[in-house]
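So the sequences go chain by chain: W and D. For the first sequence, this note's numbering begins at 887 and goes up steadily by one. For the second sequence, this note's numbering begins at 61 and goes up steadily by one.
Please note that the accuracy of each hint is not assured.
Unchecked claim - Calculated pairs, BS3-like style, for lysine-lysine (alpha carbon to alpha carbon, straight line, at most 30 Å):
#, chain 1, residue 1, chain 2, residue 2
1, W, Lys1396, W, Lys1408
2, W, Lys1028, D, Lys501
3, D, Lys271, W, Lys1562
4, D, Lys484, W, Lys1028
5, D, Lys172, D, Lys335
6, W, Lys1295, W, Lys1142
7, D, Lys296, W, Lys1722
8, W, Lys1036, W, Lys1295
9, D, Lys501, W, Lys1036
10, W, Lys1036, D, Lys484
11, W, Lys1295, D, Lys484
12, D, Lys172, D, Lys116
13, W, Lys1722, D, Lys313
Stated by the list, open to error - Computed Cβ-Cβ distance ranges for the label pairs, DEER-style:
#, chain 1, residue 1, chain 2, residue 2, range
14, W, Phe1211, D, Ser227, 44 to 54 Å
15, D, Thr319, W, Arg1655, 26 to 36 Å
16, D, Arg421, W, Pro1159, 49 to 59 Å
17, W, Arg1067, D, Val141, 48 to 58 Å
For the record, the hints were derived by calculation from the structure and aren't laboratory data. What you are looking at is a predicted structure, and each value in this text was computed from that prediction instead of being measured. Note that CB positions come from ideal geometry on N, CA and C, so glycine has one too.
Chain by chain, the residues:
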Amino acid sequence: MFVMHTSRGFLSCFLTLVGGVLAAGVVFGQGWEVSPASILMDRPESSQQVLVTQLDGATRRDATRDAKYAIGSPNVARVDAAGRVTPLADGTTELIIELAGVTRRIPLTVAQFSNPVPVSFAHEVIPVLTKSRCNSGGCHGKAEGQAGFKLSLFGFDAAADYEAIVRAGRGRRIMLASPERSLLLAKGAALVPHGGGLKLDADSPGHRRLARWIAAGAPRESADERAVVSIEVEPREVVIAAEGVQQLRVTAIDAKGERRCVTAESDFVSNAPFVADVDAGGLVRASDVPGDTAVLVRYQGHVAVARFVLPRTAVAAVRLPERNFIDRLVWDKLAKMGLPPSPVSDDATFLRRVYLDVIGTLPTADEARRFLDDPAPGKRERLIGELLERPEYASYWAMKWSNLLRADKVKVTPQATVGLTRWLRRQFAMNRPYDQMVRDIFTAQGPIQNESPAAFFKAVDQPELASRSVSQLFLGVRIECAQCHHHPSERWGQDDYAGLVGFFTGVGTKKLPDGGEAIIAKTGSDAKHPRSGEIVPARVLGGLAADFTGERDRRRVLAAWATAPDNPFFAKAIANRLWAHYFGRGLVEPIDDLRATNPATNEPLLAALEAHLREVKFDLKAFTRTLLSSSVYQLSSETHAGNQDDRQHFSHASPKALPAEVLLDAVCQTTGVPEKFNGWPLGVRAVEVWDNRMPSYFFRIFGRPVRATVCECERSNEPSIAQALHLMNSPEINAKITHRVGLARQWADSPRTADQLIEEVYLAVLARRPRPGELEIARQAFAVAPASQVGAAETGVVQTGVVQTGVAETSVATPDASRMRREAVEDILWTLLNSKEFLYVH
Amino acid sequence: MLSFRLPGKATRTCDGVSRRHLLRLGAAGLLPALSLPRMLAAEETAGPSGRRARAKSCIFIFLEGGPPQQDMWDPKPDAPVEIRGPFAPISTSVPGTIFTEHCGNCAKIAHKFTVVRSHSHNDNGHATGYHYVMTGRRPTFADGEHPIPTNELYPSLGSMVARELGSGGGTVPPYINMPHPMGAGGPGFFGAEYAPFVIEADPSQPDFEVKDLGQLEGLSAARQARRQRMLAGLEKDRQRAGRAAAMSTYYSKAYDLITSPAARRAFNVREEPEKLRENYGLTQIGQSALLARRLVEAGCRFVGVDAPGWDVHFNCFPSLEGDLIPPADKAFAALVNDLEARGMLDSTLVVMMGEMGRTPRVNAQAGRDHWSMAQCILFAGGGTRPGQIIGATDKQAAAPTRDPISVADLLHTVCSLLGIDSHKTYDDPLGRPVPLVDGGKMIPGLLA
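With the rest of the complex left out, here is chain D (with noise of 0.2 Å):
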């Protein structure tokens, strides 16, 4: 019953071999590691439900602004130069697969982790984009000055990720922030009680402190005592029901992370070892990836890194070559090595990615504009194969010439791997039930 939609044409990969020859082959058993897959994320899509967990939490590295395709993951070195920019490209650990020159890390483990490039939506906008990639609703306002969160009706991604988990057994949230918020990673109408805990400092700062979690100057620890043990004393015997009572869960649940030595560790980045922060570099998304490993450790279930500045209108190859590139490729490639060699990556699903790509054709500034058609993302451990590409673009990489991923595939993906049925609806203020997800199908090939 099982059937696969062939492309009208049949395709040929660089060895000859026609993608329909591969299917046919992998039908035969001959290439199970291509048709398995495959076969199994039919099966994942037509079962009603098929809950399976394979990641207990999730890190999501945001490269807000939109980082550009052809630049980094989706090289086009066939392309005139106008188009592929001046970055060259270079081979990777999976024969084959091609990166650019500046993402040298990753390179090295490319079979460590799955890029797929055909995720495409039409929402051309920063705030509206992240919107949508977060929500997977159609945002109601127009690009411009917002507050953040912008999403005020719909819950984000890792709202619907706190809800569904809930805390993963550590005192830490179950759903961070960091360095600030995500533009679009607010709770909407699932309210407070499923918005991030925000870390808004730099982890790569000498002075970062979490916001409410350190010490109080000139407060000593016997006053910190004698502070607690009098509100114990007063909340004793006071019945508490409904909110109230939430309250005072709230309340121990951040009293154990202000005097917990456990939780407390877990935000502190600087415990770990020189090298290890050095392989993440010094960079704030390099120590935001190292924190987040932290957090999960603890049991953060949904950490959401925003990293801005990818937004390169203007002579943009030096900053790309200089300044943001570079921390992404080794902070995503210092982070899957790390989960790998502590047995977390088969838990921890990492994903990295932007609201949008950048246009084909470089601009007369020197920069790339927006352009949401065709973006990469990249996906690791939690239950995701690795070294893989997914998808693939046109001559120009402006859009998706086969297995074109939408906002819906990306969000379903991401709760499925998770155990989360995104299907799940609750009401909205209105009473309408509001599925997590609308629709969205597993992204083929993505389950290991």
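Just chain W, with the same shape it has in the complex (with noise of 0.2 Å):
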């Protein structure tokens, strides 16, 4: 272990720099620097990672790994070429660190080298085990543990895991005689056969301190002074290059204010490897696209993240006009990133757009030609209002909100599946502000069949899920985790879960005299630890114990805090889901993941938006409103050199796979054939069907989500092969296509030209004009005799046997000519039914 004396290290190290800078003569901001300023390693198994940066001016450049190192006296310590200091024998001596011609000496003691202090089984057995991944989920840490030993998920439980070491298996995984011979050690080692793996080299520091640990009888301390308090990563916000790396030091600090340097014993993740991915010697390696990540690193159940901005670089900022707050958040990001957007779209992908994602349905071909022809100005926001006042919109947001809330009709009966979705239709269509809508969800009761929100508490059924399904939905805190262990990457443990669980334990339902359920409010109590058994007083995320004085239903403690406008988590949470929903990525992915381990990949922006909702008291219309007038939203998806790489930072649209139910309107509303469902009346649209469980061959390949969790992820988007069969070649979408009475006999039957027909399809299905390329393909339909093109080359022309085009078809007489003009017409439609620009937002 070894300990820097933060304040003196700090000064002694500037003086350093100040003094070579003095010396050399040189502009202040050049050369380089070292740390820590000393080294003091005290126990055999100590590391130091040293880091060396090279200043440039503003810029920093990690040059650990191009300094040479050595030692002044070998036998003391040994350096490797990555900077790291491990110990060799008590002693004191210095480590040379020469760079660019500079050689600089930093004082280094070993001590209790060969008189150490006990191991520590909870600070430093643990860490030992975790690092190995011996305690990880898919191993010894899950919950059945793995070939009979088993581990608490990730160390979180000191004494469970000493017992199962120590005592269970009736003591045969350690011999205090002959350490080295422990089942333990020789298993982790693969001196005998193991399952996982060799996990711990037998060479290895923490094979030698679980072997001391051994030696020294096993023992478990009482006391807890070595107990960890924090972590510091080093250094926290770094601006890396492509291609460049960046070695990371994390310093653990103990109850008694020591520093030791745990790098290779603490875990690395970084939130977004497609830029910069991290090893497990915390050597973090960015790739060449840019955008930013976050390394996440685990010690000891605390978390410390690293920031990291590869950004592109001599490129000139472009800035496109600003509309509103979220422009000018983006638009600064996006020059930090060096990130030119792509210019702001055109009326009819901005239509289409606005249209799928507010509404959730296809504008009409009549429409599309009203909004594209239209020259006065401010035609969008207009469109935007007038979205938000169509029935439409109350539809598609309850049907987004009865999965969320798990309107499942097998779980909470059919009733109560049309009470809950109608209850979200009015919410939406009166525009209830959301911190009210919710206040109403958190302490719903009565009976569930009602039109109320009273069925999510049927859905979820128990405390426990209760608690965590809305952590996850309207808090954006994943404290599911925290059920069976220590939250991975956040603060949150099995008492924060448990406090959470005391909010619902008073709630009931009540079998009525008509058959019906009604969900009751009682009295509740305090919920157990999921582990110790102890009562955990109830308590919100990150408060003391609530106070229940004169309420009864302890729900509406919960919802009180929740939707007050101090709550860091409820405000956020929603404006990421709708930001996500419109702009096809959270800021925070997952979604519903929020945490200070998980940021936002533009943390102003989430901020301003964050209060924003409050400003506009959480009318979520409003709120839509200003999404939805920025430039960013309105941008065009196509991309360019600068900026086809960026999937972080909204340079660009990303095109949105249409959900299932939108995709069956949108083929019903093109074809002018409604779908029949089983036992609904014809003309009902797909996202009006409240039941989840319907039959469909569409919902089921398509996936529509079944409604088992409160995850937006739940809902799958992801293309199969079937679906593509299906849109092609399936009976019945070729029977919507062909149908008697569908638009495409209608079309073909009226007086249109062949151009003008082509026009009406590209309008109806795509909302927009074909373009003069498009045109001639299309034209290629109505060739006189299909079957003579077979065989011909695909130069997408047709030289001959083309019908007269842009010219009045008034004589349409022959049943043969009308026929083929039918064909002509359904044949355009399936092509673009097919395209891919159909089954996505753009």
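Mind assembling these two chains? They're in different frames, but the hints should get you there.
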């Protein structure tokens, strides 16, 4: 263990640098620096990561692996090329670092090497097991353990782990008389057959430390003075070059304030490995994809984050017009990242996007034509306002929230599914402020078949399930992890989980005389800690024990906290959820996993959105209008060389797959043939079907959610071959295209010219007019005899047999000619329905 | 370093040689056929990887509802009649191995496959047991009404295979279900990309057709070509990335399926000679097995054949001997023979099993109820050693007495035979790394 004397260390480092600068007579900020300023290692298994940073003006570059290292007395310590120092014997010497012709020396002391203090089980043994992944979820850490040996996940339960290692299995895992032959070590080093293979090399410091612990009698200390109270990662903010590297250092601080380097024992995870990935030793390697990432560092239940920005270089900042604060903050970020935005999209793209995003419905050909031909300024804002007032808005958002609130007819009864769906539709239709709506959900009671949110508590009918569902859905906190173990990347532990459960213990159900069921609120009680069984007083996340004075329904206290102006989770969670819906990706991803270790890709923007949502008093329509009015929302999805790799910063729109229900409705609308759902009146749209279990091949292959979780991720938007086959070649879709009262037939039977027909189909399916080349391709369909084209060169241009296009065809006389005309329209409709442009929101 | 755990009490085989003795003989090299696979199995368990693909594809026949172990592959002729049931035991091509009289086709080729008699788990529900067997995960729902697939979160074995092995080179999708979706055959959090392509039709019917693969009524080949030409013309110049690009590749695969004669032929079970079709049996399970072989030939990695109807609570024996056992017996035997004749048996793993077995004692309604404690699994080909009985049950066929095999063992074994690292992890929607299979060991002695 080494001790860095923080203030003095910093000062001496500073002086070293200044001295170097003065001596060399160079500009301040040139040269390089090294940290720490001194090294003390007081355990045989300690190690110290040295960081060397090259300075060039404002830029700092990691040179840890460029420097040359040596030890003054090589018998005292050893240093490798990566700047990691390990002790060899007691003594004092110095670490010599040489870079760019300059040599620096750091005092280095090794103490207690030959006569070390005893190993702490909780603070020194468990981290070795965690780092070696012995207690990971795929191995001995899973609930039932592995091959009879069960450890607590990530080592959060030292008492249980001690029991498992020292006592369970009739004590066969350790051998006090011959530590090296202990099963624990022999398995880890794969000296005996081990299902997990080699996990802890016999030469490694971790192995030596375990052996030393066993040799000392495998003690379990009671004093907790070595408990780590926090960890620090250095550097915390890094601007990294493409293909650049950065060594991280992790320092643990214990209750006495002592600091030691635990880099070699920490876990590292990058949340965007395509930007920069990190290895087990804490070395971050950037890719050539501009972006940013957070590297999560985990040690003994503590977490820290190092943030990396990989900008594109040598790019002049492009700032498009700023319509509101969203644009300003996105352009700021794009300028910082060197990402020029795509241009604002054309009217047709905007039109289709905003229809599908806001109301889950395509514009009709007439609606499209009206908008495209409208010369008045401000038509985009007007359209946004109109769409928000359409009944389809309420239906679409009711569907989305029925999924999230798990309106599953099997679980909550069909009547209750209808009741919840209706209640949701009314909330969105009347634009109920979100905080009020959620307060109603939190405190719902009464008959579940009523038009009310009560069915939600039938869907999440256990206090544990209710608490983790509410937490994930409304607070963006995945507390679920903490049901079984301390959250691996958050501060939440099992006591936080139990504290939250205590708010829902009073929720019960009552059978009603009419055979129905009602949610009732009884006096709740505090919940038990899942492991220790101790009673944990109900408390909100990050808060103190709740005060239920004068409140019978404990959920009211939680609701008041959640919707209070200073709640750190509530507004942020819904702001991010709505952003993700409209922009195709959350500022935080996954969208319901907000935590310090998973920062937003644009934190000022998320903060501003949160503030704006409060400012408009949780008026979702007003908030949506702000989102959609921004230039950022209206950007083209076409990328250019400068931003094609951007996946995080909204420099261009991202194509979004049409959800199953929206896609089916779009097919029905563009063919003019509604879907007949079994047991439902004709004309009901897929978005309106509350029955989540309705058998439907279409829904199944296009991934309609079954409402098994409160996670948005339940909806699968992944493409499959069955989807492609169905759209291309199914009798169902073909029947719609060729239906005798369908739109294709109506168009074909109208006195339009071929080009007018083509335009009509384009407007109906893609909400735009065909481009010249596309018109050319579509005209092929009007060739006199399609059979003659078989085997024709696939040039895309048909030379012969084309019906005179552009000329009114008033003389569609023969039945043969009218059939061919019909087939031509059908084939164009088929082609557009199968284009990728149709399947995605662009 | 290898050691074998021996039962505390030496058990004797029918010829009077104790197991302990057999093992000693084996260790001395006198019985290599017995000991070598066991040693290999031990090695397989010990090694961190050892991932050599023995099989390229798997045909998984699922006898949904719970086939009765004692009325088929694990007869108990010495048990009282209320246990052993009315079916007589018959000898098989492997001396000492007996089946019941309705498994005559399999009895003739018992030397070509292996029966595991000791598969055992404790989930006694249909949907839940099916979920458990196909995913290795305990279901979070109770038995009752469920969507299909029931595995909303965790991927099924077929989806794992599809994800790990991808396309087998041909046009056909890597993972296919027939004649309807397998109850728990879904992709879970792997997503639609790894969902089975489902042939929702019975290949034994004269009008059998694969959904969305047939010629559309009223659409001439000329129009078909015109549509494709126009679509290709439109898509040619559009830049595609991400999912849209993936969709494009699925479109071209789908187009190949519709238009490529080879791909369409793979689904056309009617092309098979009448004689061979009869060998498999003109039944749903028989023709499904035959079609499965065609699909494997065309490059499919995992064909799941769902054969329902085995939940025989009432008056079970007439339906077992009339409708259930003979078609399954015939289909399995024909499939193994056919694969062997075509030289495909080594590269094709065939598995036949259900989600549970049935109660040892015949109930008051002359049926048998749910019993997951003892089940049989049939394995053929794919690098397994044929002609064996692995594991054993007590005298009532109620519980394993030797080599109990868990669901994890089964899944790990199938993955390993296909060269898949069953411990590979994927992050679930909560971000937790989840292994394909939680634990599991190779079924001892199964490897050739």
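Going down the list of hints, with the structure as the test:
1. Lys1396/W x Lys1408/W: holds, 11 Å
2. Lys1028/W x Lys501/D: At roughly 17 Å apart (the allowed maximum being 30 Å), Lys501/D and Lys1028/W satisfy the hint.
3. Lys271/D x Lys1562/W: holds, 19 Å
4. Lys484/D x Lys1028/W: Holds: Lys484/D and Lys1028/W sit about 15 Å apart, inside 30 Å.
5. Lys172/D x Lys335/D: Measuring from Cα to Cα gives roughly 22 Å; hence the hint holds.
6. Lys1295/W x Lys1142/W: Violated, at roughly 57 Å.
7. Lys296/D x Lys1722/W: It holds: about 11 Å lies between the C-alpha atoms, which stays within 30 Å.
8. Lys1036/W x Lys1295/W: violated, 39 Å
9. Lys501/D x Lys1036/W: Distance of about 17 Å is within 30 Å: holds.
10. Lys1036/W x Lys484/D: Within the cut-off at roughly 20 Å; holds.
11. Lys1295/W x Lys484/D: violated, 36 Å
12. Lys172/D x Lys116/D: holds, 19 Å
13. Lys1722/W x Lys313/D: Distance of about 15 Å is within 30 Å: holds.
14. Phe1211/W x Ser227/D: 44 to 54 Å: For Phe1211/W and Ser227/D the Cβ distance comes to about 48 Å; the hint holds.
15. Thr319/D x Arg1655/W: 26 to 36 Å: With a Cβ separation near 31 Å, Thr319/D and Arg1655/W satisfy 26 to 36 Å, so the hint holds.
16. Arg421/D x Pro1159/W: 49 to 59 Å: holds, 57 Å
17. Arg1067/W x Val141/D: 48 to 58 Å: This hint holds: roughly 57 Å between Cβ atoms.
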